[in-house]
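Sequences listed follow chains A and B, in order. Per the working numbering, the first sequence starts with residue 26, numbered consecutively. Per the working numbering, the second sequence starts with residue 26, numbered consecutively.
I should point out that these hints are in silico values taken from the structure, not numbers from a laboratory. Heads up, a few of these hints could be off.
Remember, identical chains collapse to one label, so a pair may be satisfied in a single copy or spanning two.
Here are the simulated PhoX-like pairs of lysine-lysine, each with C-alpha atoms no more than 20 Å apart in a straight line [what the hints assert, rightly or not]:
{"#": "1", "residue 1": "K76", "residue 2": "K89"}
{"#": "2", "residue 1": "K64", "residue 2": "K42"}
{"#": "3", "residue 1": "K64", "residue 2": "K76"}
{"#": "4", "residue 1": "K42", "residue 2": "K82"}
{"#": "5", "residue 1": "K76", "residue 2": "K42"}
2 protein chains.
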Amino acid sequence: MCVIRRRFGENLRAIRKARGFSQEHLAHAAGIDRSYLGKVERGEVNLTIEKLYLLSKAIRCSPKDLIPEI
Amino acid sequence: MCVIRRRFGENLRAIRKARGFSQEHLAHAAGIDRSYLGKVERGEVNLTIEKLYLLSKAIRCSPKDLIPEI
Numbered sequence: 026m027c028v029i030r031r032r033f034g035e036n037l038r039a040i041r042k043a044r045g046f047s048q049e050h051l052a053h054a055a056g057i058d059r060s061y062l063g064k065v066e067r068g069e070v071n072l073t074i075e076k077l078y079l080l081s082k083a084i085r086c087s088p089k090d091l092i093p094e095i
Numbered sequence: 026m027c028v029i030r031r032r033f034g035e036n037l038r039a040i041r042k043a044r045g046f047s048q049e050h051l052a053h054a055a056g057i058d059r060s061y062l063g064k065v066e067r068g069e070v071n072l073t074i075e076k077l078y079l080l081s082k083a084i085r086c087s088p089k090d091l092i093p094e095i
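Take the sequences, apply the hints, and build the full model.
Below, the structure written as C-alpha cells:
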C-alpha cells in the first residue's frame, strides 16, 4: 500500500479522534459517505485536494494539519 | 473555477518561480508532462495527494507549503 495514503489516513483518524468525532459524525459534517471515509482512513483512497479541504473544514483544522511529513 | 484549485495553482507557480525552476524543469524533475503542470498551475486540475507529494519532492519543499490557507 502507498505510504502517502496510509500515513494520510492514519493522520486523519488521529485528528478525528482527538476532536472526539465518530466516523459517522465527520462523514455527515463533510457530506461524504461513511464507508468512503473509512477507506480514506485505511489508506485506500488517493484523495484529491478538494476533498482535503472539505475534510479539514468539517474537522475544523487547517488542511496543512492533515498533510503528514513523509 | 474552483478557488481551491486556483489558489493551489497560484501557490505552486509562486514557489516554482521562487526556486528559479521553469515549468519544463519542474515537470521533468517530477516525471510529469509539462502541459499537465501548466493545467495544475492554471487551476484546472483537482490534484491528488500523491501528485502533491511528487511535486513537493521535485520542488524541494514540504507538501504543507503547497497547501494554501483559504
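Here is what the structure says about each hint:
1. K76 / K89: This pair counts as both: shortest intra-copy Cα distance 13 Å, inter-copy 15 Å.
2. K64 / K42: Cα proximity of K64 and K42: one copy only (16 Å, versus 36 Å across).
3. K64 / K76: both (13 Å within a copy, 19 Å between copies)
4. K42 / K82: Only inside one copy: K42 and K82 sit 15 Å apart there, 29 Å across copies, limit 20 Å.
5. K76 / K42: Answer is within: at 19 Å inside a copy they meet the 20 Å cutoff, but 27 Å across does not.
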